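K.L.:
Each chain, letter by letter, is given below.
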Amino acid sequence: MTEVAQKKVASALAPLQLSGEHHLCPGCGHPVAWRILLEAISELGLEQRAIGVVGHGCYTNIVQLADIDFLQCLHGRAPAVATGVKRVHPDAAVFTLQGDGDVASEGLAEVLHTAARAERITTIMLNNGVFGDTGGQMTAASVVGQRTKTSLDGRDAETHGHPVPVAELVAALAGSAYVARGSVNNAGSIAKSKRYLKRALELSAAGAGFTFVEILTMCPTGWFLPTAEGPGYLEGTFEQTYPLGVLKDGPR
Amino acid sequence: MTEVAQKKVASALAPLQLSGEHHLCPGCGHPVAWRILLEAISELGLEQRAIGVVGHGCYTNIVQLADIDFLQCLHGRAPAVATGVKRVHPDAAVFTLQGDGDVASEGLAEVLHTAARAERITTIMLNNGVFGDTGGQMTAASVVGQRTKTSLDGRDAETHGHPVPVAELVAALAGSAYVARGSVNNAGSIAKSKRYLKRALELSAAGAGFTFVEILTMCPTGWFLPTAEGPGYLEGTFEQTYPLGVLKDGPR
Amino acid sequence: MTLTRGTVEIDTERCKGCELCIAACRPGVLVMSEETNHQGYRFPLLEPGCTACRACRDVCPDYCFEVFRFDQAMEV
Amino acid sequence: MTLTRGTVEIDTERCKGCELCIAACRPGVLVMSEETNHQGYRFPLLEPGCTACRACRDVCPDYCFEVFRFDQAMEV
Amino acid sequence: MPAQLLQGSDAVARSAIEAGCRFFAGYPMLPFTDLLEAMARLMPGAGGVCMNAETEIEAVNMALGAGAAGARAATGSCGQGIALMQEAIAEAALNEVPFVVFNMARGQQDYFQATRGGGWGDYRTICLAPKDVNEAVEHTQLLFHLADLYRAPVMMYGDYLIGHTYMSVDMQRRDYGPLPPKDWALDGRRGGTGASRQIWTWAMGKANDPGPGPDLHWQRIAAKFEDVARAEQRWESELCDDADTVVVSFGSAGPFVSQVVAELRADGLRVGAFRPVSLWPFPETALAEACASARQVLVFEVNAGQMIDDVRLSVGHRVPVRPLGRVSIDFSGMRQGEILTVPWIRERVRAAMNETVMG
Amino acid sequence: MPAQLLQGSDAVARSAIEAGCRFFAGYPMLPFTDLLEAMARLMPGAGGVCMNAETEIEAVNMALGAGAAGARAATGSCGQGIALMQEAIAEAALNEVPFVVFNMARGQQDYFQATRGGGWGDYRTICLAPKDVNEAVEHTQLLFHLADLYRAPVMMYGDYLIGHTYMSVDMQRRDYGPLPPKDWALDGRRGGTGASRQIWTWAMGKANDPGPGPDLHWQRIAAKFEDVARAEQRWESELCDDADTVVVSFGSAGPFVSQVVAELRADGLRVGAFRPVSLWPFPETALAEACASARQVLVFEVNAGQMIDDVRLSVGHRVPVRPLGRVSIDFSGMRQGEILTVPWIRERVRAAMNETVMG
Amino acid sequence: MQREVVLTGIGGQGVQLAAKTLAMAATAEGRQVMMSSHYGGEMRGGQTEASVVVSDGQLRPVPILESTWSAYVMHHRYWPGVAERLRAGGIAVVNSSVANEEITAPGVRIVPVAAGEVAVEVGSAMAAGFVLLGAFAALTGLAETDSLVEAMRQLVPPYRTQHLAVNEAALRAGAEVGAGLDPVGAPR
Amino acid sequence: MQREVVLTGIGGQGVQLAAKTLAMAATAEGRQVMMSSHYGGEMRGGQTEASVVVSDGQLRPVPILESTWSAYVMHHRYWPGVAERLRAGGIAVVNSSVANEEITAPGVRIVPVAAGEVAVEVGSAMAAGFVLLGAFAALTGLAETDSLVEAMRQLVPPYRTQHLAVNEAALRAGAEVGAGLDPVGAPR
Ligand SMILES: Cc1ncc(C[n+]2csc(CCOP(=O)(O)OP(=O)(O)O)c2C)c(N)n1
Ligand SMILES: Cc1ncc(C[n+]2csc(CCOP(=O)(O)OP(=O)(O)O)c2C)c(N)n1
Ligand code: SF4
Ligand code: SF4
Ligand code: SF4
Ligand code: SF4
Ligand code: SF4
Ligand code: SF4
Ligand SMILES: [Mg+2]
Ligand SMILES: [Mg+2]
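For the protein sequence lines, the chains are A, B, C, D, E, F, G and H, in the order given. In this note's numbering, each residue carries its 1-based index in the first sequence increased by 1. In this note's numbering, each residue carries its 1-based index in the second sequence increased by 1. In this note's numbering, each residue carries its 1-based index in the third sequence increased by 9. In this note's numbering, each residue carries its 1-based index in the fourth sequence increased by 9. In this note's numbering, each residue carries its 1-based index in the fifth sequence increased by 59. In this note's numbering, each residue carries its 1-based index in the sixth sequence increased by 59. In this note's numbering, each residue carries its 1-based index in the seventh sequence increased by 262. In this note's numbering, each residue carries its 1-based index in the eighth sequence increased by 262.
Bear in mind the hints are in silico, worked out from the structure with no lab data behind them. Bear in mind the structure is a predicted one, so any value in this text is a computation, not a measurement. Every residue, glycine too, gets a C-beta built ideally from N, C-alpha and C. One thing to keep in mind: the hints can contain errors.
[As the list claims (entries may be wrong)] Here are the simulated distance ranges between beta carbons:
| hint | chain 1 | residue 1 | chain 2 | residue 2 | range |
| --- | --- | --- | --- | --- | --- |
| 1 | D | L54 | A | A6 | 18 to 26 Å |
| 2 | H | G351 | F | G327 | 39 to 47 Å |
| 3 | E | R354 | G | D444 | 51 to 59 Å |
| 4 | E | A410 | C | M41 | 55 to 63 Å |
| 5 | F | P379 | H | E346 | 29 to 37 Å |
| 6 | E | H376 | A | L153 | 18 to 26 Å |
[As the list claims (entries may be wrong)] Among the chain F residues that face chain E by a calculated CB cut under 8 Å, a handful are:
| hint | residue |
| --- | --- |
| 7 | Q139 |
| 8 | Q168 |
| 9 | D303 |
| 10 | S387 |
[Unchecked claim] Footprint (simulated), chain A over chain B, 3 or more residues, beta carbon under 8 Å:
| hint | stretch |
| --- | --- |
| 11 | 130 to 137 |
| 12 | 166 to 177 |
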């Protein structure tokens, strides 16, 4: 190979990212979501206005990796905590980063009340359909048929009930200004998810209302799957229950 | 007036009703809802299968007046408690009776999770848009513009947010089999509300899934209105935010 | 003369004077008393012309009405 | 001979062997190693034909890729 | 400012605003409701925020968020509502976010709840129990100070009698001395500088500045609470020096006991009154000293016996410690019941003295 | 049945089912999660129900509903999750609904939470702290019995070492004697007969059969808990008779202390071990007796000092009561940290004995 | 000189508002006042009670009275509990439109006032509480009628201003009734 | 006779499964066994450790070992904490495919096994833990290979049965390696 001029077109780390080391599993979808979130903040020029509020889950480790202010809070409560933060600093760009267990299970009241209140914050829900951090049990967002450690034969609608489509519920509330659902199972969907994040953060920081982005992420560990099968499983099951796209975009 | 033969066509008390004495305010809408609920249970022949689970609110006094099994439980938690009861007695006709503060504020997660789970129970929400029992503060269901003790100048969407339409959220969940909204502000709407209650109780007792009936009730005390103005205020404000009718009826 | 098809028994001592029955009565045969009951509330009084429609009974939050239909309507 | 428009630097020690990059690479120029890194994982190796499309970098959960575009494409 | 006739709740709300409280979140529950209503009425005019939180859990977490953002923040409730807040109160103690919890309790039955928590982990909550509206006004300001001084959630144990009684109140800003700067509070301004902040119960730090982790962090917190336990004991002791019998009570039971003691002293009985003003830290040493000459200690509390543990911990087994109160709730369930009257207490104290001291 | 190798959580789940538990509701939280998983796996086969409750609050309220309907019901969690359950545990104590709470705690830092509640009102919670998997199996069955006997929620204080350790377990149904019939339980069958039932914390009764109301009802509950306090004290005492030094510990710290005591006895030191098996009611009299000849009492607990209050309440000021443990959590935050080892404890006990007893 | 009054009635009769009006009026006249109220919330039991202590000097802050000099009785239901606290030589002003049962207490002067009827006359049955208050204050001298009117105006919340006129009329009508009764010594 | 083994590694290496397999196999052979494991949950720190005590008689139930006779080392990261507990005369079986740093402890025999390479040979790098276990058991005699295979079959959850074959191959391949090493005295 001869020496040719070359230009870096993509860095491993996002701006605002302090390190690339983390303890998440091989093939986990969360770290990609972290990266596009930090890119979105940086591209919007919000780095010195951003305050993140994170729940309890595998994704929590973003606190260690990102060079912005963070408040790690109780499981499910992030939207309420973020409300307190935002009302004290109305000019800050306040967002929550949470998992599906955090939002759809423990914190369903919090996210819906905050959305109805039109709180000017963004909630980002990383939906992998399991409590990843506790080892892969059924959440309120697990899809029908999904095997988890507490639904070993697959989630059965008759006994376990149906998944809670948080994004659809948030979109039904008058206080929400923007709702979208993306995923991180291939480069194209990653790029789209990043656009959703940018619009959501921009709108809430501009005072339009509550904005919500759900991102479907792979959890090969909780799905009991080889890492390479994660993206395909996500598409074949999660995207059927949770269709991708913008659910709501507009002033309230 | 000469003596003519006469037949009683309507009793003051419903079957199953032990007494007509209660301490609710003049013009309160709750007692009428109690009556049609008891009539519905009796007409469906469910009196020896019914177990009621009630929350905290002015309506709680039904426990003293009705001759069926009752469990008075913590504010907001009735659907979870009812779940425990129902799973132990699958043949019982289990219902919850709650207020809007109980359901839309404190217990939003409970009702939505229970609905998504397709729990075979009926939840009845008496919506008067205030915490009546604590003296008339704003709930998550208070309508925009409504004056309450904690929104003295009227609920303002910008600072207080928008009301949470619980029935619409429940209807959006796959686990709900029947959702309707009635009111008790005149004889016609009372009759319709009773039909809704009968269908809801029948369907959940038959195992169709979770059923939900919202009944708009007058709270002249919490609305700071003369009693006679209650029905008109209900129609002019509540029915605009919360349209009456059947929102969902069908097998899941 | 008014056609009267039925009548109501009113538990006036239980009444809390909310007047919901007054508005509910289509023929307008209920009027509020001037005196008050032991609780201090005024209460409805029946005038001729009841249709036994049950509306008063349906709307009353204090369970004050029993409704009776006459076998045959009367002129009062 | 393959047309190569760019290249990637891979932090193979940080790699956790998930193989997401392998599937993401349209031209299929990434293949998994036989050896393992210090963590015990196999990792991707680059073969000629990279288009500098960044897909590998976008999907990698362990931030292993830096992507470079050549000023001019090369035949390798 | 001349004294005004104010309802206790109103007075506490005004005192909080005077102390710089600019964020309040609450959920109605009697007898706390009035404080919430007062805050909803007064905060906007003071340039602050009062949230009609949709649940107690949201209320306390909003206060936590506001406290973490640097505001003087508060919330409150009672009984069941405080139970729901335990998770967040413990969390705030462990991640060091200050705010004030106004526990306008339904009676005295929540002493364990207030002093032993019910949250998780090794934490304690400073808890002041005012005896009347005027002391509540003072405690309000002191609590905001202590919260900031120790970076911890703190609590007032009030009740219906504090919240609902109208009294002539002297409202003024109290000065409790300087406080450290709130340079730990989150404002988002340091993002991207390498010095962004974080608040995290596990204290894991950032990649460029690792934290101590939970073990060391929680040891440090425990040490802090030991300091608080020594430094912040408050009490009121009346006529104990020569007392045969010391009657211990807290909160709004205090004035009743004081009146009983005054009356019995007038009858020549050697009786004293001791009132812990801080329920935690409990004034152990002061109580032990107050009971130095006593032949019996009577604990009047309107519950099944909760503070009596702390009294026994203070005085040991040297002198008999006897319960005087019992469960007693009024017909409404909102406040102490029939035993909270001067005659009830007076007769019991007299009888106990006849038996033990005279006998 | 021959002994089987079972993980603690699995063994507890099987023992619960053996005891007739047919309703379980839980929410994942380590180290409780394994018990939930075991229940989800085993319950359907036993004809029971295991709910994947969506929150801890729902879990405990589901258990309350199932208990009120007459089933042997249980729930569980740890730390923050138990904090969220306090409201309902108190409620169940006051409306007399039995169920079992498996608190598989992250360490010993939740002693106050377990023994003093954090709910509202005058209530107590029977709490058993097993020392190992086999005792946990036994306690599981005893707890269901006690819950039904006293119509009250009861708790197991387990931890990671109980839940995650695999041991050879002897599983069998224990008989603790007869129980009163559950004629108070709701089944809906008496509607319209004039004898319908109700469960209501305020005990207001029905129009045709008025209840006592909260004041009398709660006094009765308080009296019941006084009976429990006397009747249900459980403990284990080893070599205390002639001991200069008694070391008190609870739960899975017990075996460590026992081993230390055995080793030090072998070295000729007069040391004994005392372990409260019931944390509430705390075995006050037994501990006082065990310490009768002691010159010091050492309290080994892996926290900032919580059980030490109960130890001091038992032995008074007669003999010095010294803390031996401290906050100590492992790197994962899931369990006790570095101090929970035989050498750590042995050295501290030896040092304390050198100082005080030998010195 | 210290004077106590216990006000009793059932929920909805405006007893609490009457107590506050009296307390505020007395404060405005320069006295030290303590007022406490006991009413149900979640437990709609109907009982509502308040006590007001008015003094020219410093007040001892015990908000639950052992005994009282006077009573304001809107309803008889909870009278026995009040009667036992009334000191001999005291006075009870009673809403005779409602309180139809035997209202007596040893050594206590019982003053019946047909507050319900008077209230209907001035325009609203709901204002009976103010009629009784007007009468009570005029009789006892604990506050001037004008002070009561002023206090009532400050206390009625903005969303209830439609009631101001009839409330004032009720207070004044009550005061007239009270002025026509045998006077008692005022506390100063 | 009582033998302790501490198993150490990082999350994902199957250390817990290896420990359970050993414990179950030993139980099936009629011994008394206690196994305890320490691994993070919410705190993904990577460390994973287990200990197994195998005995012919009654076991003392202290689940955190003061010292150990042997170690099973899948990764070197947490070795120092294990090394200090290893008694002189003990043995450490080490996954030399990964554990590339200095693994020594005074008086302890260090036995390197290229578990990673062997695992790749039998079909899956992920089975290295079973290779090391096969070798460890064969060397120490704490359990027969057949018992290990049987225990592994019972432990692998239904949704992972696709791994059974390769796991078995790994155990047997490891056992072969172990059999080729200098033996140590078995505990019985
Ligand atoms: C109140 C409470 N309950 C339970 C937990 C235990 N917990 C910690 S992380 C977690 C799982 C979170 O799942 P999810 O939000 O989906 O995030 P993921 O790990 O899947 O990314 C749970 C249940 C907790 N920390 N607090
Ligand atoms: C956890 C908790 N928070 C607050 C309360 C106080 N509380 C009792 S009843 C009630 C109001 C209920 O309002 P709603 O459900 O709308 O019923 P309504 O009285 O209007 O019929 C509240 C807030 C409580 N009992 N428990
Ligand atoms: S458990 Fe799932 S969500 Fe958690 S790190 Fe592993 S793959 Fe990611
Ligand atoms: S406050 Fe409202 S809901 Fe309650 S009894 Fe009165 S009118 Fe009815
Ligand atoms: S029955 Fe009908 S017509 Fe007769 S009084 Fe009642 S509402 Fe009027
Ligand atoms: S509706 Fe009933 S309570 Fe109301 S005025 Fe008529 S009779 Fe009386
Ligand atoms: S940049 Fe594109 S072509 Fe090059 S290795 Fe990555 S995915 Fe393949
Ligand atoms: S995507 Fe990243 S971590 Fe996964 S195999 Fe490729 S380089 Fe390794
Ligand atoms: Mg998840
Ligand atoms: Mg309501």
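K.L.:
Decide, hint by hint, whether the structure agrees.
P.N.:
Now for the hints, and whether the structure bears them out:
1. Here the CB-CB span from L54(D) to A6(A) is close to 24 Å, well matched to the stated 18 to 26 Å.
2. At roughly 28 Å, the beta-carbon separation of G351(H) and G327(F) lies outside the given 39 to 47 Å, and the hint is violated.
3. Judged by the Cβ atoms, the range 51 to 59 Å given for R354(E) and D444(G) holds: they are separated by roughly 54 Å.
4. A hinted range of 55 to 63 Å holds for the C-beta pair A410(E) and M41(C), which are about 57 Å apart.
5. At about 34 Å, the CB distance of P379(F) to E346(H) agrees with the hint of 29 to 37 Å.
6. Between H376(E) and L153(A) the beta carbon distance is about 56 Å. The supplied range of 18 to 26 Å is therefore violated.
7. A hinted interface residue such as Q139(F) counts as satisfied when its beta carbon comes closer than 8 Å to some beta carbon of chain E; here the least separation is about 5 Å, so the hint holds.
8. Interface restraint check: Q168(F) against chain E, minimum CB-CB distance 5 Å, threshold 8 Å, status holds.
9. For D303(F), the suggested interface contact is broken, since its CB lies about 20 Å from the closest CB of chain E, more than 8 Å.
10. For S387(F), the interface hint holds, the least distance from its beta-carbon to any beta-carbon of chain E being 6 Å, beneath 8 Å.
11. For the stretch 130 to 137 of chain B, the stated coverage by chain A is not satisfied: 0 residues place a CB nearer than 8 Å to a CB of that chain, which falls below the threshold of 3.
12. Here the stretch 166 to 177 of chain B counts 7 residues with a CB under 8 Å from a CB of chain A, which clears the bar of 3, and the coverage holds.
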